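Enquirer: Each chain is listed here by its residues.
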Amino acid sequence: MNYTLNHLPERDAKPREKGYTMAMDKGLSIREVEDFIEVAGEYVDIVKLGWSTSYVVPNLQGKLDVYKAAGIPVYFGGTLFEAFIIRNKFDEYRRILDKYELQYAEVSDGSIELPHEDKCNYIRTLAEQVTVLSEVGSKDDQKIIPPYKWISLMQAELDAGAWKVIGEAREGGNVGLFRSTGEVRSGLVEEILTKIPFEKIIWEAPQKEQQVWFVKLLGANVNLGNISPKEVVPLETIRLGLRGDTFLHFINLNEVQ
Amino acid sequence: MNYTLNHLPERDAKPREKGYTMAMDKGLSIREVEDFIEVAGEYVDIVKLGWSTSYVVPNLQGKLDVYKAAGIPVYFGGTLFEAFIIRNKFDEYRRILDKYELQYAEVSDGSIELPHEDKCNYIRTLAEQVTVLSEVGSKDDQKIIPPYKWISLMQAELDAGAWKVIGEAREGGNVGLFRSTGEVRSGLVEEILTKIPFEKIIWEAPQKEQQVWFVKLLGANVNLGNISPKEVVPLETIRLGLRGDTFLHFINLNEVQ
Amino acid sequence: MNYTLNHLPERDAKPREKGYTMAMDKGLSIREVEDFIEVAGEYVDIVKLGWSTSYVVPNLQGKLDVYKAAGIPVYFGGTLFEAFIIRNKFDEYRRILDKYELQYAEVSDGSIELPHEDKCNYIRTLAEQVTVLSEVGSKDDQKIIPPYKWISLMQAELDAGAWKVIGEAREGGNVGLFRSTGEVRSGLVEEILTKIPFEKIIWEAPQKEQQVWFVKLLGANVNLGNISPKEVVPLETIRLGLRGDTFLHFINLNEVQ
Chain Y
960 MNYTLNHLPE RDAKPREKGY TMAMDKGLSI REVEDFIEVA GEYVDIVKLG
1010 WSTSYVVPNL QGKLDVYKAA GIPVYFGGTL FEAFIIRNKF DEYRRILDKY
1060 ELQYAEVSDG SIELPHEDKC NYIRTLAEQV TVLSEVGSKD DQKIIPPYKW
1110 ISLMQAELDA GAWKVIGEAR EGGNVGLFRS TGEVRSGLVE EILTKIPFEK
1160 IIWEAPQKEQ QVWFVKLLGA NVNLGNISPK EVVPLETIRL GLRGDTFLHF
1210 INLNEVQ
Chain A
960 MNYTLNHLPE RDAKPREKGY TMAMDKGLSI REVEDFIEVA GEYVDIVKLG
1010 WSTSYVVPNL QGKLDVYKAA GIPVYFGGTL FEAFIIRNKF DEYRRILDKY
1060 ELQYAEVSDG SIELPHEDKC NYIRTLAEQV TVLSEVGSKD DQKIIPPYKW
1110 ISLMQAELDA GAWKVIGEAR EGGNVGLFRS TGEVRSGLVE EILTKIPFEK
1160 IIWEAPQKEQ QVWFVKLLGA NVNLGNISPK EVVPLETIRL GLRGDTFLHF
1210 INLNEVQ
Chain H
960 MNYTLNHLPE RDAKPREKGY TMAMDKGLSI REVEDFIEVA GEYVDIVKLG
1010 WSTSYVVPNL QGKLDVYKAA GIPVYFGGTL FEAFIIRNKF DEYRRILDKY
1060 ELQYAEVSDG SIELPHEDKC NYIRTLAEQV TVLSEVGSKD DQKIIPPYKW
1110 ISLMQAELDA GAWKVIGEAR EGGNVGLFRS TGEVRSGLVE EILTKIPFEK
1160 IIWEAPQKEQ QVWFVKLLGA NVNLGNISPK EVVPLETIRL GLRGDTFLHF
1210 INLNEVQ
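Chains as they are written, first to last, in the numbering used here: chain Y, 960 to 1216; chain A, 960 to 1216; chain H, 960 to 1216.
Wrong hints could be hidden among the right ones.
As the list makes no split between identical chains, a pair holds if one copy fits it or if it spans any two.
[What the hints assert, rightly or not] In silico SDA-like pairs for lysine to any residue, Cα to Cα no more than 20 Å straight-line:
id, residue 1, residue 2
1, 1048, 1212
2, 1102, 1017
3, 1048, 1215
4, 985, 1187
It is worth saying that the hints were derived from the structure and are not from the lab.
Keep in mind the model is a prediction, meaning the values are calculated, not measured.
Can you make the complete structure from the sequences, with help from the hints?
Expert: Structure (structure tokens):
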């Protein structure tokens, strides 16, 4: 850090199991990736190439090289997995992960209907090849999954070999964990946390108010995802109680003064 | 593309008459233009320098050179045309187009009152010098033009020599084709399409939901405009059915599996 | 300018007392700062490193060097001042300003409770070291300060040595001067202006509609702040009546035609 400030919440150091920040790259140029790493490389733990953007970007290999040199793992968005599954091309998907030497993969069913046993089987198989992140929740705002169901899905996916489970919110932050207004379904989150250890969950929380809500509920070291590259530094200040929104949350006024 | 995915909607190749993506540059630096082209040069067909930003940006000539080298035509936003017209300086405007060797120009009346005959005369004159895009619709959210009027304006402007007509939405996507909430005036769009060939229209659609709506209605090869440079790659995935929003739209489940 | 347009409102030249644009850098890379200066260096008067982002960005010194070389002063967001004050480390804050050779500092109480006499004392002390900007208004949207109170706070802070006072709005533009919807509290602004000279106030106005509102009320040379780096060029066109929103505001139709 550039100067000393005491009485800040403790942050786990990278590589870490919690306090994880997953950012979404939806089409950065090579230079933009370099700039992102210059500014936020210390704070970002993993990068998702949003949905199927890896199919169309012409700089895929170059980008992967830059992230790799910076020690930041990259994975393809779950929608790409689904694009291969719906075409009955799972083996081809596995070959592509190898071709690009990816160490992580996401398994999701946000856009397709997939029997949960099949989903768990995909997790099981992929877990032999890579570290698996599995995502729970639909991209369809009409499909409301009740809390007990979120819990049983998450638990089954962790049991099948997922390293962490992701709570769906999309790039917009308006489905799954959130109402269409972006408001957190707080009862859902709190019920999930009665059963699933908080370090096993990455909460997609693209909007600032959502990030603030999770940091206030779960502390500086909550795992958050779908963070825009430009918002990784702002998020770090929210985690540290150095932005207005969490400024008074972490401070014990008797201690500091 | 980086790997093979079958059963995707067919996309016309550049240069194309439909499936056109018009992006808006409202003040990119030279390097940002280079980055934009690296990432999205294959997908963007034409770039508009938003409204009158070309007047104030200090890097105008340099920018034009970079776009030109990449084979991407550039034109000045219609508001600049109007700024010259309201000052009674049409000839000066024509000289500026020549000075910067522009091949395209926009004729619009979004901010000024212009008798339609005059507008068509400007189109006619400019069409001898450049390829003309003409824009229909007001930037004033209080001015609601009925569908039959949109149609007659568009037809007259095409007859006067406009290569394509643009449906107004502004950078925000909240006027003209859209309600102030950003919702598409769908009856208007469908009525226009009963009379004007869809490849002759570029729909300004800066918001993702608007892009999705048009792609679902008119297919992968709809012409869309006012796309933010950062959203050209995401839009391409929407066109291809590779983002959640259109994922199931293009796929015939019997065919793929 | 790239070409001639007459009948534009006059803009004061830099360095200026009014028509001031304060931009917010919340984590730009070195190259992004260079790009920002290439595009908007002529139009931006001062840059704030948003809230406490200067604590976490790894490129702080490099960034300050680039801004300095371009002649653009930089200051740390008021929240950083408050982070030191709440820890009872004012002297350390002063040393940090010296260490980074900053010429400006902000004094605010947007996140902490600070007796106004104490705030004015901080202004007084800092004014011996740097040029002080002081900010009025809470970041808490529940704390509504009545207009007469805004006026007496602003006047006292100017009397204590603040060079200009800033009206709070945050990065989002949804507190202080604005309702939670972003709408301007216009009665508040107009009442403030009956007592405080308009060149002494910088209005935080991150949203386009807010910028337009202020330019229409106070003219091209209103002082505006919390402008995103990407919006400095668009704002300049709003000031000049070259964007749809203010297009007809500055023009005297009898004069131009």
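Enquirer: Does each hint fit the structure? Answer for all of them.
Expert: Against the structure, the hints:
Within a single copy, residue 1048 and residue 1212 get their C-alpha atoms only as close as 58 Å, which misses the 20 Å cut-off; across copies the closest is 14 Å, which meets it. Within a single copy, residue 1102 and residue 1017 get their C-alpha atoms no closer than 35 Å, and across copies no closer than 42 Å, so neither meets the 20 Å cut-off. Only between protomers do residue 1048 and residue 1215 lie at most 20 Å apart by alpha-carbon distance; the minimum there is 10 Å, versus 58 Å within a single protomer. Taking the closest pair of Cα atoms, residue 985 and residue 1187 come within 20 Å of each other both inside a single copy (9 Å) and across two copies (13 Å).
When held up to the earlier numbered hints, the structure conflicts with hint 2 and nothing else.
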